[in-house]
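Quick mapping for you: the protein sequence lines, in order, are chains R and B.
Residues in the first sequence are numbered consecutively from 28, following our numbering.
Residues in the second sequence are numbered consecutively from 28, following our numbering.
Keep in mind the hints are simulated off the structure, nothing from the lab.
Do not take every clue at face value.
The list cannot tell twin chains apart, which means a pair is met if one copy fits it or any two copies do.
Lysine-lysine pairs mimicking BS3-like chemistry, simulated, CA-CA at most 25 Å apart [stated by the list, open to error]:
1) 228 to 92
2) 70 to 154
3) 137 to 228
4) 185 to 101
5) 70 to 82
6) 228 to 189
7) 39 to 92
8) 101 to 228
9) 82 to 189
Spelled out, the chains give:
Protein chains: 2
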Amino acid sequence: MDQSALVDLISKKVLEQINSKKSVIPIGVSARHVHLCREDVDKIFGKGYELTPIKELMGGQYAAKETVTIVGTKLRPIENVRVLGPIRERTQVEVSKTDAVRLGLNPPVKPSGDLDNTAPITLVGPKGAISLDNGCIIAMRHIHMSSEDAREYGVKDKQIVKVRVSSDRGGILTNVLVRVHESYRLEMHIDTDEANALGIKCNDSVEILV
Amino acid sequence: MDQSALVDLISKKVLEQINSKKSVIPIGVSARHVHLCREDVDKIFGKGYELTPIKELMGGQYAAKETVTIVGTKLRPIENVRVLGPIRERTQVEVSKTDAVRLGLNPPVKPSGDLDNTAPITLVGPKGAISLDNGCIIAMRHIHMSSEDAREYGVKDKQIVKVRVSSDRGGILTNVLVRVHESYRLEMHIDTDEANALGIKCNDSVEILV
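Looking at chain R on its own, in the form it has when it is part of the complex (with noise of 0.2 Å):
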C-alpha cells in the first residue's frame, strides 16, 4: 500500500470511529443487590443504623459495605447481597433468574421502583430478619442517560429501543428501556444472566438501535 492510500485509510477509519461514537453504550451488569427502606434499615441493622458508602454509583447512589442474606421459598439462602444506598422509600430486591430460580421464587421482570405484584423475599442481617410479600424483581435491561444524550439520540424517557450485542453471543435485544435523568451517565445496565448468555462484561459497549 502507497502512502497515500494508507493516508486515506486512516482517515476513514477515524471518521468512522467519530461518527460511530454517539451510538455506543458502555455496559454496567448489575449483580443481585438490594435497596432498603429506613424502617426495615432499623430492623436488621438495628434502630438509627447508617449505610457505609464504599463505592459511588450514578444518580448520587453508593454501594454500602453492608450486605443481607435473601432466603426464598426453598429455604436456600443466597449470602453477601450488596446493600445500595442511599435509603428508598420502599425495600426492593433485584436478582437475576438465575437466582430466582435458585431461591425458589418467581419475580417478574419490571423497572426499578414498580413494586406491585412481584414477589415476596426473606432478607436477614445482623439484628433481626423482615418478610416481604412484595419487593423482589428481575430489574428490567435499561440504558441511563442525560436529558443531552436523549436529545442527541432523539429518545424520550421510558421510550423502549433496541441494541445491537457485537460479541460472538450477540445479537440484537429489544424492550430495552430509556431512562432520563440529569443526574445519569450514559450507561445500558443488565444483570448478570443478560451479560454471561451474551458474552459481555463491564465496560464492553452495545449499540443502540432507535
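Since the structure of chain R is already known, use the hints to place chain B on it.
Structure of chain B alone, referenced to chain R:
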C-alpha cells in the same frame, strides 16, 4: 363482524399459521452436564461400571442416573451434575458462564466435541476423582435438525443462522450453529444463562432466520 368477514379472518389466521409453521423451532434448555469416556467412568465410578439410563434424549443419548461433583480453581463445588450417556471418546463438561464464574474458570464458547484449548476441571465421583487439563466448555447455542428439515430450511450442517426470540426479554440471536443428522429431531439447544436472560424455557419456540 358479519359471517363472511369472520370466515375471511379465520382463513387468514389459519394460512398464516400453516405458512409460518416450518420456521418455528422448539427450545430445549441444557443445564450443566458431563459426558464421560470409558477410562474416566472406571476411575470415578469403578472399573467396568455401566451408566444407568433414566431418560432418553435425541440421537441415541440419554440422561443417566449418575451424577458427579465438579470443582474448579476456586475449589467451590457444584454438586449433582448430571452424567449423559452413552460413553464418549473424550470426557466433556458443559457449564454455563454463571457456573464458570462460580467455579473460577474461563471456558471458551465452543461446539460440543471441540475440546482443544478448553478449561481444566475436576470431577468427583463415588470411587475417585479426575483432574482434566482440558474438557470444560460453554456449549455454543445450536439447532439440531434432520436432513429433511435442513432441506426444507435450505441450510447445511455447520451453517451459522440467526433466530428471533419473541419473549419480553427477546430479540435476535446471531451465531447459532446448525447441526444436521438423521437421528436428530428439530430443537434449538441453549444453556440456562441464555434461557434465563432471554425469558424462555423448554418447549417455548423461536423462529429461524436464514
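What hint numbers does the structure not satisfy? The structure breaks hints 4, 7 and 9; every other hint is satisfied.
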